[in-house]
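K.L.:
One line per chain: the protein sequences are A and B, in this order. The first sequence begins at 1 in the numbering used here and counts up by one. The second sequence begins at 746 in the numbering used here and counts up by one.
Worth double-checking, as some hints may not be accurate.
[Claimed, not checked] Label-pair restraints from in silico Cβ distances: (1) B:VAL883 <-> A:VAL193: 44 to 50 Å; (2) B:VAL849 <-> A:THR262: 38 to 44 Å; (3) A:LYS337 <-> B:GLU958: 33 to 39 Å; (4) A:GLU333 <-> B:VAL775: 20 to 26 Å; (5) A:SER702 <-> B:GLU958: 32 to 38 Å; (6) A:ASN724 <-> B:SER941: 55 to 61 Å; (7) A:LYS362 <-> B:VAL849: 54 to 60 Å; (8) A:ARG146 <-> B:ALA906: 38 to 44 Å; (9) A:ASN442 <-> B:VAL849: 30 to 36 Å.
[Stated by the list, open to error] Residues from chain A shown here face chain B by an in silico Cβ test under 7 Å; the list is partial: (10) GLY163; (11) LYS250; (12) LEU251; (13) ASP431; (14) THR436; (15) TYR509.
If you're looking for bench data, these hints aren't it; they were derived computationally from the structure. On a predicted model such as this, the values are computed, not experimentally measured, just so you know. Beta carbons are placed, not taken as given, at the ideal position from N, Cα and C, and that holds for glycine.
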Amino acid sequence: MTSTAEPQVTVQTARNLGLTEEEFSRIIEIMGRVPNFNELSVFSVMWSEHCSYKNSILWLKTLPRNGGRLLVGAGEENAGLVDIGNGLACAFKIESHNHPSAIEPYQGAATGVGGIHRDIFTMGARPIAALNSLRFGNPDLKHTRRLVRGVVHGIGDYGNCFGVPTVGGEVYFNDCYNQNILVNAMSVGIVRVGETVSAAAGPPGNPVFIVGSATGKDGIHGATFASADLTENSAEDLPSVQVGDPFQEKLLLEATLEAIQTGAIVGMQDMGAAGITCSTSEMSARSGVGMRIDLDKAPTRQANMKPWEILLSESQERMLIVAHKGMEHLLMEVFDKWDLECACIGETTDTGRLEYYQHGEKVADVPAEALVLGGGAPVYKREYSRPAYMDKIAQFKPSKISMPKDWVAAARQVFASPNVVSKRWVYEQYDSMVRTNTLTTNRYSDAAVVRIKGTSKALALTTDCNSAYVYADPYVGAMIAVAEAARNIVCTGGEPVAITNCLNFGNPYNPEVYYQFVYAIKGMGEACRKFNTPVTGGNVSFYNQSVFQDCTEPVYPTPTIGMLGILDDASRQMTFDFKAEGDVIYMVGTPCGDINSSEYLRIVHGIHYSPAPHFDLDEEYAIQQAVRALITQQIIRSAHDVSEGGLFVTLMECAMAGSKGFAVETDANFRKDAYLFGESQSRVVVSVVPAKEDELVNYLNSHNVPFSRLGEVCGQHIQIDGENFGALDAWQTVYEHWLSDKMAE
Amino acid sequence: MKFGVVVFPGSNCDDDMMYVLGEVMGQEVVKIWHKDYSLDHFDVGDCIILPGGFSYGDYLRAGAIARFAHIMPAVMDFARSGGYVWGICNGFQILCEAGLLPGVLLRNSNQQFICKNTWLRVETTQSPITASLMPGQVLRIPIAHAEGRYHADEATLQTLADNDQILFKYCTPDGQLSDEANPNGAAMHIAGICNSTRNVFGMMPHPERASEEALGNTDGRGLFESLLACVAHEATV
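This is chain B alone, in the form it adopts within the complex (with noise of 0.2 Å):
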C-alpha cells in the first residue's frame, strides 16, 4: 500500500503528515504537487490524503479554489475508481467542495478558529479506517479551524445516519453527546464521514497530531493502523 498527499498552496499540515506516514507508521509515502495531472503511479488499495492547511488562503471559502486545482479531477476519478482518498480538516471541505463527500462546513458556531482536544466517539466500524476500533469508543484528538460545522439538509442527514456513514461524533470524555462537547455546533455532533461506497473519508479531527507517544496522545493511531490492516486484510482475500 502507498499513500500519496497532496500539496496545494497553503497546505500546511502536509509535512505533520508525510512524517505521521511514513516515519511513525512505517509506510510509503510521497508528495503530489496540485498542478500535477495524473495519479498513474496509484493504484486502487492504495491511499490519497488531502491534508489540512488553507489552500489558496481559504480565500472566498475553505476548499472552493482547491477543488478545481489541476490534481482533482484525477483524485474524483481515484475515488470514483474505487481508491481511498482521506481528506482532514481543509482536506474534508476540499472534499464536500469537490461533490465526493456530501455536505458542507460552516463557520464554527462561536466564529471564531478553535484548536484544543476534543472527543470523538467511533459512531461505526463499517469503514477501513474505523474497522479496527470498538463501537462507541472514544477517543481524544485534536481539532484546529475556523470552518468545521458541519452542514447538510435534513433529508441528507437522514441518509447518513441510516446509510451509517457518520464515523465520528463529538462527545464529552466518557462518550455522552451534548451541546458543550460539540465545539463547532455541528449537525448532529458529527466529526467525520464517509461517502456511500466507504471509499472517500472526511474528518474535521486531526489523527496526525495524536499519533505518538513522545507528543502525550496516540489515539489517532489507531484510524491509520485500522485502515493499513483492513487493506492488507483485503490483499489477502
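Next up, chain A with everything else stripped away, as it sits in the complex (with noise of 0.2 Å):
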C-alpha cells in the first residue's frame, strides 16, 4: 500500500504540510504505523486551524448554543437552523474568505461567496438573500483600492450570476488591514422544516456520489494556506486559491433542490475547505460508518492527478451525496436534466474508515473519527496574556484633547470619513433585488428586510463589528458587536431572534492576540445570553496577520456579528428617514459624554488608542426594548440608531434618506464634541409627530428610560444650535460622491 512514486514521510513533510511534531507523533500513534503522504495530507488539512478549530473550540464551546426557536445547533450540520413559524425554518452562517481575497481578491471574493451559498443549500434550504462584511487597509493606496475593486466585482459577479439578492453588509477601512484584508460572506435560506437534509452519511451499504464540477488542481491546501501567517511569498500560494463558476452553482442549486425532492438522497455535504478529505470523514464520523471511495470515478478536469491532489482540491460546485441504494437512478435523472456531473464514486461501510483506491490499489486508509473535530483531532488550550496596547489605551486622557474651533468643519472631516460615507458605490454592483423580496430597496431601514412570500412575515437582517472598540476593549468591543446588531434589527421592527459569527483574529499561538480573542468570546456570550440571541454556527479565521520586514501586525480583533431578526407583520418595518416638516426629534438614551474610539478623535485628532466607547448591556437591552414598544404601539415615525459618526451622520442620514433638513439643539451638560459625535452606544434616535408627542414622553418617563428633545425636521439646511451648518443637498453630494471619486483615482 505504500505508493513509492510519493515522498518519503517524515517529520519534516508533516512540518512543510502545517503539522508539528506532536501532531505528527499523534498521527503514527492513531495509525499504527507512519503515514503514506497521501494520509498524512489528509490529517494535514483535517487538522488545520480552518477544519479542526483546534485552537479555538474550548472557547466557543462557551458561547450560549441553544434557545427557543433554535432547530439544529452550531456543529450539528453545516448551519445553524432557526424556527421562524409558518413551517418554515432559516439557515444562515457567515464565513471568512481573507486570506485568497488578499492574493487574489476577484476569485477569494467570489469563491468565498459560492462556498457560503452552498453551506445553505447542502441543507436543502433554497438561499433568499446574502450580506457581506468587508474591512480593507487604508483607501489612499493604491494596494487597497486595487483590491476593494476585487472583491466587490468577485461578490458582484458571483452573486448576481447566483440570483440571491445581496442586501446588506458592512466596508470599513483601518490601515490595520492594509495587507490582511477581511471578506466575511454570509448567505441565509428557507426550508421547510422537515425537508431538510443532514450532512450525516448514514448506514453502511449506500451508494456515494460527487455532483457538479469536475476536480481540478485548484486551491489544493487551502485549508492549510488559510491556517497560517500571510507573508511576502505568500503570492506563491496561488494555486491554493481556488476559481469560481457561479453558473454552475445556480445549476448546483436547482439541481440539488430537485434531487432533495425525489426522496433519493440520504444525507448530502458540499464540498469546501479540504474538498473530498473533509466532505467524506465528516459524513462518515456523523453516522459512525466508513467509505469505500474509487478515486479514478471521480471526474477530473486534467488526466494523471496524483491521489492527494485529488482528496484536497478544493476545486468548488462540489457536493457529496450519499443516496439510497436502489434509488439511484433519480438521483441520476435530475442531474442529467441539470446537464451536471453525477458520477458514482463509492459506498458506505461499516469499517469507520476512510479507504480511498486508485487504479485498483488502496492509496490511503484513515478512521474517519479520527480526522474530525469532537473526533480525533487535537484540542489546545492557548495561554493569553494583557497586550502591552492596552496601557496607551489606559493613558488616554480626554480632558487634553481640544474642542474644534470650527463646528462645521470638524463635522465635514468626520462626514466625509470613508468609514462614515455612503458605500453606494460597492453595494449598487450588486444586485440587490432580485427574488423581489427585498424590503429596504425603496425604504431606509437600519437591518435589511427581506420578505418570506406566502407569509406575513419577514427577516430582518444585519451584519456588525467595529473592530476599532474590539481592539479597545475585546470584552466590551464585541458586546458592542452583537448590541449593535440586535439595536439595528430593533430600529427596523424585528425581533432578534439568533447570530452566526465570524471569528477574524490574529495568530492564536501569540498570547496577546489570544488575550483578544478569549475576552471577545466572553463579551459575546454575555451579550447573546442578554438578548436571547444564541450563536448557530459560524467560522473562526486566525493568522490574520502580515509579516513584513519581520515585523508582525495582527489586524484589529473582529470578530463579526451576523444577527437574524423576524417581523412578524412585514408591513410594520421601521424606517429611519424623517418623514415630514415639522416632526419632533427626540434621542431615546443617555447623551454622549466621551469621544473614545470615535471616528471623530481619529479623524479630527489623530488619536488610536482609546478606550472602547461607553456601553452597559442592561441599558442597552432597556433602550432597546422601549424602542420595540415605541415602534409596536405607533407612537414613533422613524428609528435610527446612532454609530459611527455619532449623533451628527445619525441625523444627517434621516435627513438625508428623507431629503428634509434639521434644527436641533445640544445640551451643554456634556462636551460639544462628544455630543455630536461622540460614540457612547445605547442610543436611537426617532421622529414623532407633534400629536404623538405626549405620547412618546409618558412612555419613556413611565418606563423610566432616558431620553432628550433634540429639535425638529424643517427646510432644507442644517441647523445646530442655531449655527447653519448649510444645505443638505451640499452634505449629501459629499457623502454620495466621496467614495467613487476615491475608487476613480
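Now that you have both chains on their own, put them together as the hints suggest.
P.N.:
Okay, here's the thing in C-alpha cells:
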C-alpha cells in the first residue's frame, strides 16, 4: 500500500504540511504506523485550524448555543437552523475568505460567496439573501483600491449570476488591514421544517456520489493556507486560491433542491475546505460509518492527478451525496436534466474507515473519527496575556483633547470619513433586488428586510462589528458588536432571534492575540445571553496578520456578528428617513459624554489609542425594549441607531434619506464634540408627529428610559445650536460621491 | 390570455416573473423548459416571456448561447406568427442575439454591474405594453445588469425613431434626458424597444421588481396591465 511514487514521509514532511511534531507523533499512534503521503495530507488538512477549530473550540463551547427557536445547533450540521414559524426554518451562516482574497481578490471573494451559499443549500434550504462584511486598509493606497475593486467585483459577479440578492453588509477601512483584508460572506436560506437534508452518511451499503463540477488542481491545501500567516511569499501560494463558476453553482442549487424532492438522498455535504477529504470524513464520522472511495471514478479536469491532489482539491461547485441504494437513478435523472456531472465514486461501509483507491490500489486508509472535530482532531488550550498596547489606551485623557474651533469644519471632516460616507459605489454593483423580496430597496432601515413570500413575515438581517472598539477592549467591543446588531434589528421593527459569527483574529499562538480572542468570546457570550440570541454557528479565521520585514502586525480583532431577526408583520417595518416637516426629533438613551474610539477622535485628532465607548448591557437592553414598544405602539415615525460618526451623522442620514433638513440643540452639560460626534452606545434617534409627542414622553418617563428632545425636522438646511451648517444637498453630494471619486483615483 | 416563462440554465428572474404574473396579476402562467422544442399549447394573443438572469452564465456574451437553445426556433416562429414575446434584461439580450430585435447590448459604459432604481420616460403608447400609459409619463423601475448599453448603427437608430419603436428612454425623475440619467451609456438613452410589427418587446429595466405596494414601488405594474387590456380589447373586436 505504500506508494513509492510519493515523497517519503518524515517529520519534516509533516511540518511542511503545517503539522507540528507532536501532531505527527499522534498520527503515527492513531495509525499504528507511519502514514503515507496521501494519509498525511488528509490529516494535515483535517487537523488544520480551518477544519479542526483546534485552537478555538474550547472557548467556542462557552457561547450560548441553544435557545427557543433553534432547531439545529452550532456544529451539528453545515449551518444552524432557526424556526421562523409557518412551518418554515431559516438556515444562515457567515464565513471568511480572507487569505484568498488578500492574494487574489476577485476569485477569493467570489468563491467565498459561493462557499457560504453551498453551506446553506446543502441543507436543503434555498438561499434568499446574502450579506457581506468587508475590511480594507487605507483607501489612499493604490493597493487597497485594487483589492476593493477586485473583492466587490468578485462578490458581485458571483452573487449576481447565482441569483441571490446581496441585501446588506458593511465596509470599513483601517490601516491595520493594509495587507490582510477581511472578506466575510453570509448566506441566509429558507427551508420547510422536516425537509432538511442532513450532512450524515447514514447506514453502510449506500452509494456515494460526487456531483457538480469536475475536480481540478485548484485550491489544493487551501485549508492549510488559511491556517498560516500571510507573508511576502504568499503570492506563490496562488494555486491555493480556488476559481469560482457561479453558473455551475446556480445549476447545482436547482439540481440539488430538485434531487432532494425525489427522496433519493440519505445525506449531503458540500465540498469546501479540504474537498473530498473533508466531506467524506465528516459525513462518515457523523454516522459512525466508513466509506470506500474509488478516486478513478471522480470526474477530473486533467489526467494523471495524484491521489492527494484529488483528495485535497478545493475545486468549487461540488457536493458529496449519499443516496438510498436502488434509488440512484432518480438522482442521476435530475442531474442529467441540469447537465451536471453525477458520478458514483464509492459506498458507505461498516468499517468506520475511509479507504481511498486509485488504479485498483488502496492509496490511503484512515479512521474517519480520528480526523474530525469532536473526534480525534487535537484540541488545544492556549496561553493568553493582556496586550501591552492596553497601557497606551489606559493613558488616554479626554481632558487633553481640545474642542474644535470651527464646528462645521469638524463635522465635514467626520462626515467625509471613509467609514461614514455612503457605500453606494460598492452596493450598486450587487444585485440587491432579485427574487423580489427585498423591502429595503425603496425604504431605508437599519437592517436589511427580506419578506417571506406566502406569509406575512419578513427577516431582518444585519452584520456588525466595529473592530476599533474590540481592539480598545475585546470584552466590551464584542458585546457592542452583538448589541449594535440587535439594535439595528430592533430599529427595523424586528425581534432579534439568533446570530452567526465570523471571528477574525491574528495568530492564536501569540498570547496577546489570544487574549483578544478569549475576551471577545466572553463579551459576545454575555451579550448573546442577554438578548436571547444564541450562536447558530459560524467560522473562526486566525492568522490574520502579515509578516513584513520581521514585523508582525495582527489586524484589529474583528468578531463580525451576523444577526437574524424576525418581523411578524412585514408591513410594520420601521424606517429611518425623516417623514415630514414639523416632526419632532428625540434621542432615546443617555446623551454622549465621551469621545472614546470615535471616528472623530481618529480623524480630527489623529488619536488611535483610547478606551471603548461607554456601554452598559442592561442599559442597552432597556433602550431596545423601549424602542420596540414605541414601534409596536406606532408612536414614532422613524428610528435610527447612533453609530459611527455619532449623533451628527445619524441625524444627517435620517435627513438625507428623507430629503429634509433639521434644527437641533445640544446639551451644555456635555462636551459638545462628544454630544455631536461621540459614539457612546445605546442611543436611538426617533421622530414623532407633534400630536404624538406626549405619548412618547409619557411612555419613556413611565418606563424610566432616559431621553432628550433634540429639535425638529425643518427646511433643507442643517442647524445646530442656531448655527447654520449649510444646505442638505451639499452635504449629500459629498456623502454620495466620496467613495466613487476615491475609487476613480 | 396565457403567459409562458422560458427557463434557461442560469435564468434567475423566472420565479419573480411567475410570481408577478401569477400571484400579483392573477394570470395563468407556466414555465417553459429550454430543452423543449415546441410552443404548441400557446396561441397568438398569448405571451412568451424571456426573463432576466445569466443564461449559460452569460459566458461568451450575454444571450449569445441562449439564442441557440432548443426552444428558440419555436419562440421565433411564435413571434413571426404575431404572438407576443417580451424579453427583460437577459431576455432582451437574447432577443437581440436572436435577431428578433435590432441592435446589441454592450458592457455598461462604466464597465461595472449596476443595480439601482432608474427613471424611464414612456416614448410611445403605440405598443401593447405601453398603450395604457401616458406619453411622456415617468416610471421608476430598477435595472440590474452589466451589459445593458444599447447600441445599433446610425441607420437602425434612425429607423427605430422613425417607426416609433423606442418604448422607453432613461431620464431624470422629472423626465429630462441627460448623460447622468443614462446609467449605462445607451445610445439615444434607449431602455426598451419593440420590433417593427410591435409584438416583440425588449427592455433592460425590471418591471417585475416594481409591481407591488409591498416592495414600495408599483410603477412597473402599468406595463402588465397595459398588455392585458390590449389583449382583452383585441379579443372583443
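K.L.:
The structure should be examined with respect to each hint, and the outcome stated for every one.
P.N.:
Hints versus structure:
no., hint, result
1, B:VAL883 <-> A:VAL193: 44 to 50 Å, "45 Å, holds"
2, B:VAL849 <-> A:THR262: 38 to 44 Å, "41 Å, holds"
3, A:LYS337 <-> B:GLU958: 33 to 39 Å, "37 Å, holds"
4, A:GLU333 <-> B:VAL775: 20 to 26 Å, "21 Å, holds"
5, A:SER702 <-> B:GLU958: 32 to 38 Å, "36 Å, holds"
6, A:ASN724 <-> B:SER941: 55 to 61 Å, "58 Å, holds"
7, A:LYS362 <-> B:VAL849: 54 to 60 Å, "56 Å, holds"
8, A:ARG146 <-> B:ALA906: 38 to 44 Å, "42 Å, holds"
9, A:ASN442 <-> B:VAL849: 30 to 36 Å, "31 Å, holds"
10, GLY163, "3 Å, holds"
11, LYS250, "6 Å, holds"
12, LEU251, "6 Å, holds"
13, ASP431, "5 Å, holds"
14, THR436, "5 Å, holds"
15, TYR509, "41 Å, violated"
Going down the numbered hints, you'll see the structure goes against just number 15.
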